[in-house]
Each structure stands twice: as C-alpha cells, then as structure tokens.
Amino acid sequence: MNLPVVDFHIHPLVSEVIDEDKYKCQREVFGLRTSPQPLETLLSQMQEASVERGVLLALDCSVKANCSLPSNEEVASIVKKYPSKFVGFGSLHPYREGSLRELLEEEVINLGLRGLKLNPSIQDFDPLSQRALQLYGELERLNLPLIVHTGLSWFPSTSLEYCKPLIWDNVARRFPNLKIVLSHLGWPWVWDAIAVALRNDNVFLDISNTFTGSPNEHLRYLLTELVPKRFVERFLNEKIIFGSDYPRIEIPKMVRALRGVGLKEEIEEAILRLNALKILGDEE
Amino acid sequence: MREFKVVSKREREIINITDRVRELIKESGIKEGLALVFSKHTTTGIFINENERGLERDVINYFNEAVRDDGDYFHHHYFYKDGRMAVNAWAHLRSILVGLNVVIPLRDGELLLGSRENVYLAEFDGPKERTLVITVLGE
Chain R
0 MNLPVVDFHI HPLVSEVIDE DKYKCQREVF GLRTSPQPLE TLLSQMQEAS
50 VERGVLLALD CSVKANCSLP SNEEVASIVK KYPSKFVGFG SLHPYREGSL
100 RELLEEEVIN LGLRGLKLNP SIQDFDPLSQ RALQLYGELE RLNLPLIVHT
150 GLSWFPSTSL EYCKPLIWDN VARRFPNLKI VLSHLGWPWV WDAIAVALRN
200 DNVFLDISNT FTGSPNEHLR YLLTELVPKR FVERFLNEKI IFGSDYPRIE
250 IPKMVRALRG VGLKEEIEEA ILRLNALKIL GDEE
Chain P
0 MREFKVVSKR EREIINITDR VRELIKESGI KEGLALVFSK HTTTGIFINE
50 NERGLERDVI NYFNEAVRDD GDYFHHHYFY KDGRMAVNAW AHLRSILVGL
100 NVVIPLRDGE LLLGSRENVY LAEFDGPKER TLVITVLGE
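Line by line, the protein sequences give chains R and P.
Per numbering that gives the first Met the number 0, residue 0 is the first one in the first sequence, and the count goes up by one each step.
Per numbering that gives the first Met the number 0, residue 0 is the first one in the second sequence, and the count goes up by one each step.
Wrong hints could be hidden among the right ones.
As the list claims (entries may be wrong) - Pulled a few chain R residues facing chain P out of the computed Cβ check, cut under 10 Å:
1) GLN25
2) ARG26
3) LEU31
4) THR33
5) PRO37
6) GLU39
7) THR40
8) GLN46
9) ALA48
10) ASN208
11) THR209
12) HIS217
13) PRO246
14) ILE248
Keep in mind the hints are simulated off the structure, nothing from the lab.
Glycine is no exception: its CB is placed at the ideal position from the N, C-alpha and C atoms.
Produce the complete structure using the sequences and hints provided.
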C-alpha cells in the first residue's frame, strides 16, 4: 500500500498568480520558460502521486529584479484556500531595507507561513554576509525552518559559488537550533551536502528534481550508486526528505521514481513523509 | 477556428471530447463540410474510437507496453529552451503513434460519426491543462 506523501519542494507558479510581468520574471530570473498551469493541475498532480501535503515556496527576487515568484501573500492565499493540502514557506531577501525582524513578522509570521525559502544564487546575495547571518538568527529565534537551494544552477548569469553545500556547515554550526534543508542533495556536490548533514543535527537534505536523466534514472543513480544504498539506509534515514521541484518536474514522476529505487519500506516511508513532518513539527 | 481547453486529471488518460466538439460545431453554424480537431501539445494525441470503458483502459495499457517508460532516451537531458529537464520521451513517442489531429465530415450541422465512434484526447504526460483547436470548413 502506498502511504501518503509530503512534497517539501513545490514552486506554486500557477496561472492564477503568474501574470505577464511575473511570467517575464519567471523566464528571465527563474529561468523557467514553460507556460504556467492552473492550480487545479497542481492539485491533480498531487492526487495522482498520493501527495497529501505540499510545501509551497515563495521566492523574493525584489532586490535583484523587483518581482517575487510568487510573493509571500500569494503563497499565503493559496494555503488559506486549501489549508489541509498546503504548508506555506515565505521568502525574504536579506538585503531588503528595514528591520529583518519586522519584515519576518509582517511577511511570514502574520501571514501564517511556517518557514523560509532562500536561493542565494537566483536571489543574488552572499549567504555568509552579515545581513544574511542576521536573518538566520531571526529564523532560529522564531523556530522557522529554512530551505535553501544547493547544487547546480543551470543559468550562467547566476553565481555557482553560492550554490555550494559546504557554505551551510558554517551557518549550521553558528545556529544549531535552525533547521536547514539543503535542496537537490547538493548535486553535483552530493558528498559535500551529505558531510554537512551528517555532522550537524539540524541539517537535512531534499532530493528534489533530476539532473542526470529521467527521475527513475537519477534517483536510482543517486541513492544506490553514487551513494551506496546501505549508506542511505543506515546513515541518511532521518536526513533525506522528498521534494519534487514542481513545475520544473512533474510530481508523479518523482514519487514513482523514489518508490522504484528499492529502498527498505520503512526508509521509503521516512523519506516520503515522516522526516518532512518532523521538520515541520507535525509528527503524528 | 476556435481554441478550447481540456484539463486532464491523470498522468495517462483518455478523455472523450465528442460532446465539446459537437457544441463547437453547432456554434460555428457550418452545416456541410469538415471539422479538423487538433492538439497543440506533442505529448498528447487525438483519435477516434469506440466509447467503451474497457477499451479506454486497453488503449492506455497498449501504449504503456508499446513505448517503454524506462528506455535509454537521448531526449532525457537538460533542455535550455524550457529551463528544465526533458524527461518525457515516452510521451512524445506515444503522441507520434496516435497523431495530433482528426478530420470529421459534417452533415446537417452534425458530426458524421459512426454509431460507435467518439473523439478522444489522449493525455500522455498529465495532469495538465491542454489547448485544442477546432477548425470548421464548409458552408
């Protein structure tokens, strides 16, 4: 029996929020040039893949490009419409003017958002800058988890340096009570990402998207060849969480690929659901 | 010529669009001629066949077997044009087997279909919102 899944990595770039200006931003800043689909399609993709809950990620690109993909308010409005289906994560560019504490209160806490998404490469900020460190401190104080892009950014206009997983070892040690999720298992710096997660209790790894072929090919390679299956099952069983990276990939393809890896049933359940619930503080 | 949307609910699905096509023919006001139904998506197909639930499942199963999901496809690489990985070669290949359009004769403003014939959209990479085009020629 397939247990319900938590998808920790969904960009709600749906036609209800992506107008012409945002579509330009989606193409030029986010690098995604496919037409937005309606929210109904996202819900059907979740249904098709037995995803009971999705974490919707905002992305504040206001400092770089005066746009958000989508904004914190837009994420909050989708969550408000489907509270049992979605958890919302906001986004805040650390170089925004004003008090970070107040911005977090206004744009994350007051909107009912439960974590923060950052992508230093696309947003274009130094993840170890004073202002960024200040933001992590506020997140730790508020007990808000942080999900960050790590791994390849395909767009030459963005910094590859800011995508490196080892950066987050520094952050994890400075803020030991801040839960940090490193996205995409840091590919191609997979063992760097794993090293950071292994030695820091507060660091986790999402396996969203595919980089080396189809989702089946990629996850099988990642979780049985590049990293031996025994290592995944013994060392990373509480560290890896499932994410799709919709709409850069379809959700059913990613869930089916994870189920096809051949991991032990209890490990599969931990990755597809339980580890995410622990990070969200929603354990049953 | 009119565009219309069909929203699929499943990853692989056969959707009967006959009634929608009939409505659009009626709206066109054309009595005698031809209707062309066309899909704008290379991971879908348009075909005519019998409206029978078992057969609809057989169609899906047939294409799943005819074109393997886990083949060694050149298409499965990063696609700069889209800004994402291309991971659906099987859906494109199934689309090629089906084709992207059908032409149906019209008489007295009605589709001249056989008693068992229905018009279907084949969804090979859903769920997605799809745009179809109907062109009605005649008088």
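Structure-based check of all given hints:
With a cut of 10 Å, the hint placing GLN25(R) at the interface with chain P holds, because the nearest CB-to-CB distance is about 9 Å. Interface restraint check: ARG26(R) against chain P, minimum CB-CB distance 8 Å, threshold 10 Å, status holds. With a cut of 10 Å, the hint placing LEU31(R) at the interface with chain P holds, because the nearest CB-to-CB distance is about 4 Å. A least Cβ separation of about 5 Å between THR33(R) and chain P falls short of the 10 Å threshold, and the interface hint therefore holds.
Among the interface hints, the one on PRO37(R) holds; its C-beta lies about 6 Å from the nearest C-beta in chain P, closer than the 10 Å criterion. This hint holds: GLU39(R) has a C-beta 6 Å from the nearest C-beta of chain P, less than the 10 Å allowed. A distance limit of 10 Å between C-beta atoms decides the matter here; for THR40(R) the minimum to chain P is near 5 Å, and the interface restraint holds. For the restraint placing GLN46(R) at the interface with chain P, the shortest Cβ-Cβ distance is roughly 8 Å, inside the 10 Å limit, so the hint holds.
For ALA48(R), the suggested interface contact is upheld, since its CB lies about 8 Å from the closest CB of chain P, less than 10 Å. Using the Cβ-Cβ criterion of 10 Å, the hint placing ASN208(R) at the interface with chain P is satisfied: the shortest such distance is roughly 7 Å. Among the interface hints, the one on THR209(R) holds; its C-beta lies about 5 Å from the nearest C-beta in chain P, closer than the 10 Å criterion. Hint status for HIS217(R) relative to chain P: holds, with the closest Cβ pair at about 8 Å, below 10 Å.
The interface hint given for PRO246(R) is met, as the beta carbon of that residue sits about 8 Å from the closest beta carbon of chain P, less than 10 Å. Residue-level restraint check for ILE248(R) holds (minimum Cβ-Cβ distance to chain P is 7 Å; threshold 10 Å).
Consistency note: the structure conflicts with none of the earlier hints.
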